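Peer 1: Use these hints to put chain B onto chain A, whose structure you have.
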Amino acid sequence: MTDRLRVAVLFGGRSVEHEISVISALQLMMAIDPAKYEALPVYISPSGTWHTGEALLDRSFYSRVPSSLGGLVEVTLLPKPGVGGLTKVAGGGVIPVDVFLPAFHGQYGEDGCIQGLFEMAEVPYTGSNVPASAVTMNKYLCKMFLAAHGIPVLPAAVVERGDAQRNIQGVVASIAADPRFGAYPLFVKPCNLGSSIGVSRVEVPGDLAAALAKVFRYDTQALVEPCVSQLMEINVSVRDCNGAAPSVVEIPVSQSGVLSYEEKYMRDGGKKSGQSQGMASLTRIIDPPDLAAEIRDAVTSYATRSFRLLGCSGVARLDFIYDLAASAVYFNELNAFPGSCSFYLWAKSRPRVLYTELIDGMIQAALRSYSVVSSLERDIGLRALRT
Amino acid sequence: MLGSLSVVILAVALLSFGHRRIRSYLRYFQQEEYSSTRFLAWLSQRRAFDTRGTAVMALLAILSVLLPGPWLVPLWSASAAALLLAVVFVVEDDPLTAGKLKLNMTQRASKIALVAEALYAALVLAPLLLINWCCGAPAHAMAYLALCGMVIAQAPPLLLLVANKLLWPAERALQESYYADAKRVLRKVAPFTIGITGSYGKTGAKAALGELLTQCLGPTFWPRKSINTVMGITRAIREQMRPFHRYAVIEMGAYSIGSIARLCDFTPPRAALVTAVGVMHLERFGSAENIYRAKSELALALPTDGILVCNGDSPNARRMAAEHPSGTTILYGLDRGRGHLDCFASDLSFSDRGTSFTLTWRGERHPAFTPLLGRPAVLNALGAFAMACALGAEPAYAVACLANLRPVDNRLVLDRQPGVSFLRDAYNSNPVGFEAALEVLKGLPARRRIVITPGMVELGEQQGPENRRLASLCAGVADLVLVVGRTNREALLAGLADAQFPGERIIAVQSRDEAFSALKDRQLEGDLVLLENDLGDLLEGTVRF
Chain A
6 MTDRLRVAVL
16 FGGRSVEHEI
26 SVISALQLMM
36 AIDPAKYEAL
46 PVYISPSGTW
56 HTGEALLDRS
66 FYSRVPSSLG
76 GLVEVTLLPK
86 PGVGGLTKVA
96 GGGVIPVDVF
106 LPAFHGQYGE
116 DGCIQGLFEM
126 AEVPYTGSNV
136 PASAVTMNKY
146 LCKMFLAAHG
156 IPVLPAAVVE
166 RGDAQRNIQG
176 VVASIAADPR
186 FGAYPLFVKP
196 CNLGSSIGVS
206 RVEVPGDLAA
216 ALAKVFRYDT
226 QALVEPCVSQ
236 LMEINVSVRD
246 CNGAAPSVVE
256 IPVSQSGVLS
266 YEEKYMRDGG
276 KKSGQSQGMA
286 SLTRIIDPPD
296 LAAEIRDAVT
306 SYATRSFRLL
316 GCSGVARLDF
326 IYDLAASAVY
336 FNELNAFPGS
346 CSFYLWAKSR
356 PRVLYTELID
366 GMIQAALRSY
376 SVVSSLERDI
386 GLRALRT
Chain B
1164 MLGSLSVVIL
1174 AVALLSFGHR
1184 RIRSYLRYFQ
1194 QEEYSSTRFL
1204 AWLSQRRAFD
1214 TRGTAVMALL
1224 AILSVLLPGP
1234 WLVPLWSASA
1244 AALLLAVVFV
1254 VEDDPLTAGK
1264 LKLNMTQRAS
1274 KIALVAEALY
1284 AALVLAPLLL
1294 INWCCGAPAH
1304 AMAYLALCGM
1314 VIAQAPPLLL
1324 LVANKLLWPA
1334 ERALQESYYA
1344 DAKRVLRKVA
1354 PFTIGITGSY
1364 GKTGAKAALG
1374 ELLTQCLGPT
1384 FWPRKSINTV
1394 MGITRAIREQ
1404 MRPFHRYAVI
1414 EMGAYSIGSI
1424 ARLCDFTPPR
1434 AALVTAVGVM
1444 HLERFGSAEN
1454 IYRAKSELAL
1464 ALPTDGILVC
1474 NGDSPNARRM
1484 AAEHPSGTTI
1494 LYGLDRGRGH
1504 LDCFASDLSF
1514 SDRGTSFTLT
1524 WRGERHPAFT
1534 PLLGRPAVLN
1544 ALGAFAMACA
1554 LGAEPAYAVA
1564 CLANLRPVDN
1574 RLVLDRQPGV
1584 SFLRDAYNSN
1594 PVGFEAALEV
1604 LKGLPARRRI
1614 VITPGMVELG
1624 EQQGPENRRL
1634 ASLCAGVADL
1644 VLVVGRTNRE
1654 ALLAGLADAQ
1664 FPGERIIAVQ
1674 SRDEAFSALK
1684 DRQLEGDLVL
1694 LENDLGDLLE
1704 GTVRF
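If you read the protein sequences in the order shown, they are chains A and B. Whatever position you read off the first sequence (first residue = 1), add 5 for this note's numbering. Whatever position you read off the second sequence (first residue = 1), add 1163 for this note's numbering.
Next comes chain A alone, as it looks inside the complex (with noise of 0.2 Å):
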């Protein structure tokens, strides 16, 4: 038997959606298999200290923090090669680690950042690369280059912080003027978050600057969208294994999005839909059956080629928005490290993912493109100084 892999689970972070990182890591680490996996959690923390121990594990350890951090040990990672793993802070001495598994959500840990450190110190972690991470968290971007490959996404516009502050009215004055967002209500939110923070369906022209305003208490960006009035969300997510390979879909139902939904969408008028899951109460239904095919599968083909065209590994969860009264399927944000890894949707799939699959799938398609970028030449030896 060989040794188990020691995998350090990173969460927590700078990030507004801290506490939901910390809620995903813990399902995480109690869904690793302990056969193949050893856990060792590090946590970061609002502050930016990484710490481990084995307290991290309880989950009421987060409601004392900063206290509660003294019984730990702080670590860091070195942005250089050849460590082997976690570095004390106190002393300098190396905890080893095989594998680096990113469980963040949001800005610092889903955005290429702490990638990139990953990338300096020539570590295997899990999830999207650099470049997929950073562009997929930027909204804006990421809509753009899907677009430019032919996938359907609403317009949307990018208003500068410093712009807004110099000079709002212009701003106000030229989305006023620009016909794609004739039609009120409009949708204001960060461009580079990913929870529902500093988001606003701007009702009249007079509420748009003090939406921005409060986009820019978080972000330097915000981006501007129509609404489209009669919508349903549709998501699904995807991993690579293989290739990519779509889930299940799931329907997120608010309380009153539930009526248009069995209204309009489903081919027999809805009557099983949400209670043939039996969770017509709750926030979403998985694998609606009566969702009409050709919605279901534009809406997993283009989440595939999205997921394909834009790099991304691990397990992503791709948001689409369908218009009723188009008909028409666009893409609205892909998350590359989604709330609890997406598992409930993976469990419902066909064939059926456990979340331990999911996480070993995770590690191994980690290991695997470590060794692609390893087998890379990088060193070619002094040329231009020798001269």
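None of these hints come from the bench; they were simulated from the model. Take the hints with a grain of salt, since some may be wrong.
To give an idea of the chain B side of the interface with chain A (calculated C-beta under 7 Å), a few residues [stated by the list, open to error]:
#1 ALA1559
#2 ALA1563
#3 CYS1564
#4 ASN1567
Some chain B residues flagged as far from chain A (calculated, every beta-carbon gap over 10 Å) [unchecked claim]:
#5 SER1207
#6 ARG1215
#7 ILE1294
#8 ALA1485
#9 ARG1668
Quick caveat, the model's predicted, so the values are computed rather than measured. Built from N, CA and C at the ideal position, the CB exists for glycine as well.
Peer 2: Frame of chain A; chain B shown alone:
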């Protein structure tokens, strides 16, 4: 001689009792900011002396005299006394978990507690051993010990004062080193500093200005909550000021003539915001003129090219702008009847979402909204807005940022619930704030309107008349009034009677907790309850030891 077991039992009981008592009194000493004078005044005014421990010791003394008997008696009586002290220990609240403001075991508090406990231990053990050694008859020894115990039971508050005095030189040295460290940080970061003072509204204005500057101009440092003393600001600077901070908003509390000048010396302001000059804390200053002089120290500390922004609704803040103008002097307000205003709000309307108004800045009108409620909050927003614009913010963007201001805890914050909703205005009430809260209470939809208040304090001679006046105003808005505590009970009841408010709709209670349980019995769905002021542990209810 007593048996050694009796001595041990008594010693352990008295030491445990003292341990808890020292912490219980320390909670109040801490709330009085470790001021001996204020703590002693509180002690005598509230008659917060020990009664329970003394009673136990008195009982022990009497028993020892009345029942001189065989050798077993001391052990029995010592055990009985220990048991009673243990009951006291269990019955009394743990200061670390009880009260509105719990005992916070800071380094300073821990040191004071430790020294006080060491002194207390000496006070317990010395007579115990001495009397036990000197006294032949056990009954006599026990009686003498019990008499000593009566004195010892009164010692904890005084030992805290002694401990504080003993520790003061070291504490002062520590504070001076922190002060120097904060100075060093300030020199290095060199933020553009804005000082804020006022009889009320300064914490709300500080938060609003901090937010606006961060959103409109650049990273801004401001100590949270109502930190406004040299030591509080020192700590905030050392812990939270970062090299990227371009602005610093410093609330400057006036505790006496010279205190703002000292703060200005510490964090020299280049701009100043004066939210109001009223009669709050009149007792500390002696006269309204002294309050004006104390607050004027901020305007006087500005450089010649400074920026002075004053609330034109407050006659003395307006006077300050006239008597000590700076490079740029700006007046803001709501009441244009008092004279020129550079920045004012009109057409105010309140809803559950917040306050809508028209903001006029140097002749230009902007439709504006803020999630904050009430005239004082709008005034604070105006002051912050005027200062931000004077510092270079784009007015239209600053107006947009007003829509995203966050309320400061307990300053007229609406807490809508499916059953009973609360309008929380528990922070340090004053006549202007109280009146504004009633206006909001009246303006918001509700089934019945209920006011819970202990009235206002620190208003000097005006305290009685002002509480009476506001109670009369309550009568015009409220369907039910709960008067909390004894501090202002007479004046509040008189005011309600002046307005012929029916007696059956008035409930007088001892404490906030009692008010809530009285409310529970009477509340109906859709009620809106205004919590106006909260006097804190030092003034509320009865303290019994």
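Peer 1: Does each hint fit the structure? Answer for all of them.
Peer 2: Each hint tested on the structure:
1. ALA1559: Status holds, d = 5 Å.
2. ALA1563: holds, 4 Å
3. CYS1564: With a closest approach of 5 Å, the CYS1564 (chain B) hint holds.
4. ASN1567: holds, 5 Å
5. SER1207: SER1207 (chain B) clear of chain A: closest Cβ-Cβ about 38 Å, beyond 10 Å.
6. ARG1215: Holds, since 34 Å exceeds 10 Å.
7. ILE1294: holds, 45 Å
8. ALA1485: Given that every Cβ of chain A is farther than 10 Å from that of ALA1485 (chain B), nearest at about 34 Å, it holds.
9. ARG1668: Consistent with the label, ARG1668 (chain B) stays out of reach of chain A, its closest Cβ about 40 Å off (over 10 Å).
Violation of the numbered hints given earlier is absent; every hint is satisfied by the structure.
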